[in-house]
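4 protein chains.
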Amino acid sequence: MFESNVQIRVRYAETDQMGYVYYGNYGAYYEVARTEAFRQLGISYKVMEAEGVMMPVLEMRCKYIRPARYDDLLTVKLFLKTKPHGARIKFEYEVYNEEQTLLNVGETIMVFVDMKSGRPTAIPQYIHEKLDVYYTA
Amino acid sequence: MFESNVQIRVRYAETDQMGYVYYGNYGAYYEVARTEAFRQLGISYKVMEAEGVMMPVLEMRCKYIRPARYDDLLTVKLFLKTKPHGARIKFEYEVYNEEQTLLNVGETIMVFVDMKSGRPTAIPQYIHEKLDVYYTA
Amino acid sequence: MFESNVQIRVRYAETDQMGYVYYGNYGAYYEVARTEAFRQLGISYKVMEAEGVMMPVLEMRCKYIRPARYDDLLTVKLFLKTKPHGARIKFEYEVYNEEQTLLNVGETIMVFVDMKSGRPTAIPQYIHEKLDVYYTA
Amino acid sequence: MFESNVQIRVRYAETDQMGYVYYGNYGAYYEVARTEAFRQLGISYKVMEAEGVMMPVLEMRCKYIRPARYDDLLTVKLFLKTKPHGARIKFEYEVYNEEQTLLNVGETIMVFVDMKSGRPTAIPQYIHEKLDVYYTA
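Chains as they are written, first to last, in the working numbering: chain A, -4 to 132; chain B, -4 to 132; chain C, -4 to 132; chain D, -4 to 132.
What the hints contain is simulated information worked out from the structure, not anything from laboratory work.
Computed cross-link-like contacts, BS3-like style, restricted to lysine-lysine with a CA-CA straight-line distance of at most 30 Å:
{"#": "1", "chain 1": "C", "residue 1": "K41", "chain 2": "A", "residue 2": "K111"}
{"#": "2", "chain 1": "D", "residue 1": "K58", "chain 2": "C", "residue 2": "K85"}
{"#": "3", "chain 1": "B", "residue 1": "K58", "chain 2": "A", "residue 2": "K78"}
{"#": "4", "chain 1": "C", "residue 1": "K58", "chain 2": "D", "residue 2": "K125"}
{"#": "5", "chain 1": "D", "residue 1": "K41", "chain 2": "C", "residue 2": "K58"}
{"#": "6", "chain 1": "B", "residue 1": "K72", "chain 2": "A", "residue 2": "K58"}
{"#": "7", "chain 1": "B", "residue 1": "K58", "chain 2": "A", "residue 2": "K76"}
{"#": "8", "chain 1": "B", "residue 1": "K78", "chain 2": "A", "residue 2": "K58"}
{"#": "9", "chain 1": "B", "residue 1": "K72", "chain 2": "A", "residue 2": "K85"}
{"#": "10", "chain 1": "C", "residue 1": "K41", "chain 2": "D", "residue 2": "K58"}
{"#": "11", "chain 1": "A", "residue 1": "K58", "chain 2": "A", "residue 2": "K72"}
{"#": "12", "chain 1": "C", "residue 1": "K58", "chain 2": "D", "residue 2": "K76"}
{"#": "13", "chain 1": "C", "residue 1": "K125", "chain 2": "D", "residue 2": "K58"}
{"#": "14", "chain 1": "D", "residue 1": "K111", "chain 2": "C", "residue 2": "K58"}
{"#": "15", "chain 1": "D", "residue 1": "K111", "chain 2": "B", "residue 2": "K41"}
{"#": "16", "chain 1": "A", "residue 1": "K58", "chain 2": "B", "residue 2": "K58"}
{"#": "17", "chain 1": "D", "residue 1": "K41", "chain 2": "A", "residue 2": "K58"}
{"#": "18", "chain 1": "A", "residue 1": "K41", "chain 2": "C", "residue 2": "K111"}
{"#": "19", "chain 1": "D", "residue 1": "K41", "chain 2": "A", "residue 2": "K72"}
Example chain C residues on the side facing chain D (calculated, C-beta under 10 Å, incomplete):
{"#": "20", "residue": "E54"}
{"#": "21", "residue": "C57"}
{"#": "22", "residue": "G101"}
{"#": "23", "residue": "M110"}
Over 10 Å on every C-beta distance to chain D, these chain C residues come out as not near it, computed from the model:
{"#": "24", "residue": "S(-1)"}
{"#": "25", "residue": "R114"}
{"#": "26", "residue": "E124"}
Glycine included, C-beta positions come from ideal geometry on N, C-alpha and C.
Please model the complete structure; the sequences and the hints are all you need to start from.
Given below as structure tokens:
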């Protein structure tokens, strides 16, 4: 299984008047985790997109377990629990605070899309190769 | 069943470099729909919170069917398909563009919380009364 | 002078833990005012951009006079105090709440840019024509 | 003079359909720089606020020199060019990309406010003491 971690410091901008991180902001946190997961794999999402493959989101699910607060140093763990195949990829996330309290879990299902045709496309071969090592029997 | 509609004009701020509404922004659209649904029921979420009852989100699910774009005039339909009871309430959403194309569906499960105790609390009686008429047999 | 008004309902997402609209969100409010000002002039900013002219921001100034709060129905007044010429245009803004209290004033200086060349370009002629009537002696 | 630096990786969420960081997001970047500047001084903005002193923004100015883009690793330099006194404090900012190109400059004027009274208050003494060393003759 591939797993990566990234730390995110909660910004004041991300709080709401409840004093919590606004529930709509976790999508952006998950995205930071995806970008850093790709970087850790030796892939640049930015370059992939510049080369004509983008990865829009098909589905998102979040569970809000405990609130995150301003200035919390969050750890977002990202998991690719099964090796992706075809055009879709499912990322799972866990968000922890500094006390290792689990605050939030989520998942997103993305699809690789050829930007010229606007159609789904298989996961690029070089991404497969980067992932292979994490799923050998 | 209770149903309400609200229109939201997509802001430039809400787009991303794909030229779509960023996937993380639908949570804020759903929230606008909830605030307006409450107003249509004759309830002010703002007043409810000022009186000590808040409604944090426990779960969110979204499906992204087609992209929304800058300056699209969206209609967000909100549904309370079953009459809420206990401390929880489930809102369902459908987002359409001006051509009545369904772009996004979602749901959020919220919990009423007594802000003093920090504990879940039954849906306030005055909200029950406002909702009753929509669920009579 | 050209002047337009638009109403914006403050979203929960836009508040911060002070209970105020986060100071960084006024830029998005000003942008809503610009889009609606263009529409009132019979111009679509969206179409202008699709035709290859964009209008990035060179400068922004804001003064925060009193806080805006969740669910406030704001009026953003936009002014073009002098007829634009050349490649630049200066928009001025005033933000009021429902009690007509002035909450915020701001200005942005934008530049018309030809998206192919990436260079500043004169304000499109059809915009000049729309504006002329507001500045006749 | 007090100076601090912080690095911010541009999120996809922060871009707009021009492919640039949306102009309204620099306020949040400046805020990250302030929080980290306080931390570098041995001050926690979070604790200060919990103790009853907040620091709302009175004015912001930004100049947009060149665009920031997705995945850029920005450095935000923060300067307190003159030692603050009274209730106000002026922060200046410079935002650079990895090639040390200056992308954006800005400033914010903040006021220390006693949250109980809602009135401006002198900069807390412990902040003065932390800053003294940077402004000795």
